[in-house]
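*Asks:* Put the complex together from the two separate chains, hints included.
Protein chains in written order, with the numbering used here: chain A, 1 to 296; chain B, 297 to 424.
The set of hints was computed from the structure by calculation and includes no laboratory data.
Using N, Cα and C, we set each Cβ at its ideal position, and we do this for glycine too.
Do not take every clue at face value.
To be verified - Distance condition first, Cα-Cα at most 27 Å in a straight line; then the derived BS3-like pairs of lysine-lysine:
{"no.": "1", "chain 1": "B", "residue 1": "Lys331", "chain 2": "B", "residue 2": "Lys355"}
{"no.": "2", "chain 1": "B", "residue 1": "Lys360", "chain 2": "B", "residue 2": "Lys411"}
{"no.": "3", "chain 1": "B", "residue 1": "Lys331", "chain 2": "A", "residue 2": "Lys251"}
{"no.": "4", "chain 1": "B", "residue 1": "Lys381", "chain 2": "A", "residue 2": "Lys242"}
{"no.": "5", "chain 1": "B", "residue 1": "Lys381", "chain 2": "B", "residue 2": "Lys355"}
{"no.": "6", "chain 1": "B", "residue 1": "Lys358", "chain 2": "B", "residue 2": "Lys381"}
{"no.": "7", "chain 1": "A", "residue 1": "Lys251", "chain 2": "A", "residue 2": "Lys284"}
{"no.": "8", "chain 1": "A", "residue 1": "Lys284", "chain 2": "B", "residue 2": "Lys331"}
{"no.": "9", "chain 1": "B", "residue 1": "Lys331", "chain 2": "B", "residue 2": "Lys420"}
Stated by the list, open to error - Where chain B lies over chain A, by a calculated footprint (3+ residues, C-beta under 8 Å):
{"no.": "10", "segment": "37-45"}
{"no.": "11", "segment": "66-73"}
{"no.": "12", "segment": "225-233"}
{"no.": "13", "segment": "275-289"}
Spelled out, the chains give:
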Amino acid sequence: MTRNKIILSFAAVLCASFPALAEIDLSGSWAAINHEDALERGGGPYPDDWAGLPFNEAGRAKALSFSQSTISMPERICWFQTQWHIAAGPFSLRMWAVPDPITGRVQAWMIGAWETRAPMTIWMDGRPHPGKNAPHDQTGFTTGVWNGNELIATTTHLKTGYIRRNGAASSDQATITTHFLRHGDMLTVALFMDDPVYLTEPYILTRSYNLSTNPVAIGGPPCIVGDEGVEPGRVPHYLPGKNPYTDEMTKRYGIPEEAEMGGAQTMYPEYRDKIKDKFKLPAKCTLNCGNNAGGN
Amino acid sequence: MKRKLFVLTFAGVSFLGVRAYAHHSFASTYLEDQKVTVEADVVQFLYRNPHSFLQLESKDDKGKTITWAVEWGAGGQLGSQGVQKDTLRIGDHVVVQGQPGRDPEAHRLRMINIKRPSDGWTWKGNFD
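Only chain B is shown next, with the shape it has when bound in the complex (with noise of 0.2 Å):
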């Protein structure tokens, strides 16, 4: 069953051949085996094709304010996995896990999975 799911799936990407696509390499801006946790509030959530980017602020432990891009699937991708352009809003605290980028400098994030304690809502995945 699971098999017959899989080959369905591919047949179907294969098929459509519409997807997102980022306009850069994944394997090429992030460090893909490796993880790091940010907690921080949202300052902006651009849902948009080909990917959405969540923005955050968090400090870091000279109280220097730190401004990440997270990178995450597109806005038609993630519409289908509930969430919506207002599922997150200004000011919201999150604690995102991602896989770091290559550039130290860009403090950017590809998403793995994101959680808002205040009403426990979380999402995880993987998106291409």
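Bound conformation, chain A alone (with noise of 0.2 Å):
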């Protein structure tokens, strides 16, 4: 009897070090390959680049009255984004497994802060989200479930943030979706972004890394506080049909004036034909012309 309980009692032990099989082990620093929207995750987009973004009129309307100077601030410089930083943002992840101390079992995965994101908690083993009361922060609660060897992520209960760098955001309503596909030593977040308040559809980004054996900082330098231009109690911003810069993409790189204001429509590659006969290839490509993640 006795020797029964000590076999029963290994075997226990043994299926609850190990994970479920279709877990797979997504720890370590992950290289981000910025081979996607340069420009978008570098020197950052042009004021009225929306296109591709699936806004409703509010999106719109909210994006328009987005003055660059809002975020010099000085009480919002230091803003972290949201966890939809890990899409618009250049940088590499580095993660790690939380173990439970008693079980040894996954109790969370970690994803190091940026200087400008926070670390991305996400809980696995199956608490609750909180309440639709709770605080919201720019880190939002997030927790994760494993679909055969992919790990999706759910995050809630976010504050207001940006989904592109001028102005695009997502309310305190939204949820983002995080696909974790791991590939040998490749991996493939996929990030859906579902918004009630200023988008029709999911935005959907995906982005690559390598692993490296080179660890990937955790939190970076401390961001502080100074003069940016924006004199305290000044709140930039542009008043309904007031914004000057809603046809800079037309201007330089003959895009129509319907296509950057986004909208779902834009999202997809027919809409190329659509706009066909009022696109104008400029003469000449004179500024970001996609010659590195810089800018210029």
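*Replies:* Below you can see the structure in the form of structure tokens.
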């Protein structure tokens, strides 16, 4: 009897020590391959480049009211971006598992912070998301489940944030669903932004990473508030119809204004056919012609 | 050789994935195809990450003081180019050329080059 108990206990310990077969290890330093959306993730997009964003009218109006000087207000300089910044920013990922000290099971997956983004804790222990009236912040609250070899993380309880660094916004009702897919030494991260306030359809971006032996820094240097030219008390903005930079993509790259103003249809390849007669290829590209991530 | 250097540099940047990163968009903040020149005195040099800022003061035509905020590279980036936190001191008279900000009330520039006539010290370059 005692022997049977020992065998059973040993088997239970063995089972508890190993993850379900479908789970895979995501830990390590994942170096970003910044080959996509170079201007958006590097030097930053033009003030009127909202092509490919599934805006509704509220989303477009909010973006049109945005002045870049808003985030130079002293109280906003060191704001964290939301977790969507994994998609919009250029940085690499450092991931590790946090084991439960008693069972050894993975209690959470962690993604280290950047200088502009809080760490993401992906709770794997089945805990529920907080109630709808719980506080929201830029970090949000994230839980994860395995779907075969794919980790799917769901983030809620976010504050409003930017989905593109030119004023395109997400609301505090947004949900980010992040899919982590490992292929050997490569990691693909696909992020879905669902936002009933500013978007009509999910906005989807994918990012790729290479496993690296060079440790990815966690946190980065601290942000220090300084004078960026906006005096305390002024709130930079554009009133409706007063944004002076709504035709820059048209003038510079010949892109029709209706395309740069975004909307779900601008996400799809067939939209090119719709505007092909309105697009005029510039004689020469003079600025931000795709030669590096830094912009010029 | 030049191509090799470019490829190696690009690979290095991509691999490390660590670099200065402005919290705002340059293309949205500055008129990147324009240049203005400002002659002014240094009132503060904030040598920091993600980007350094140089505060300058000059007078307009009516004698009113204008404060300029000049955005520059990250501390680490500038350090590797020979610019240290004490390279510029309060009161230094400098000539700065930069890309003007889109918000005219902000009196903001993105640094292209800077010269200190008193000793001929100069810096010019690009940063992201």
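*Asks:* If any of the earlier hints don't hold here, list their numbers in rising order.
*Replies:* Numbers 4 and 6, in rising order.
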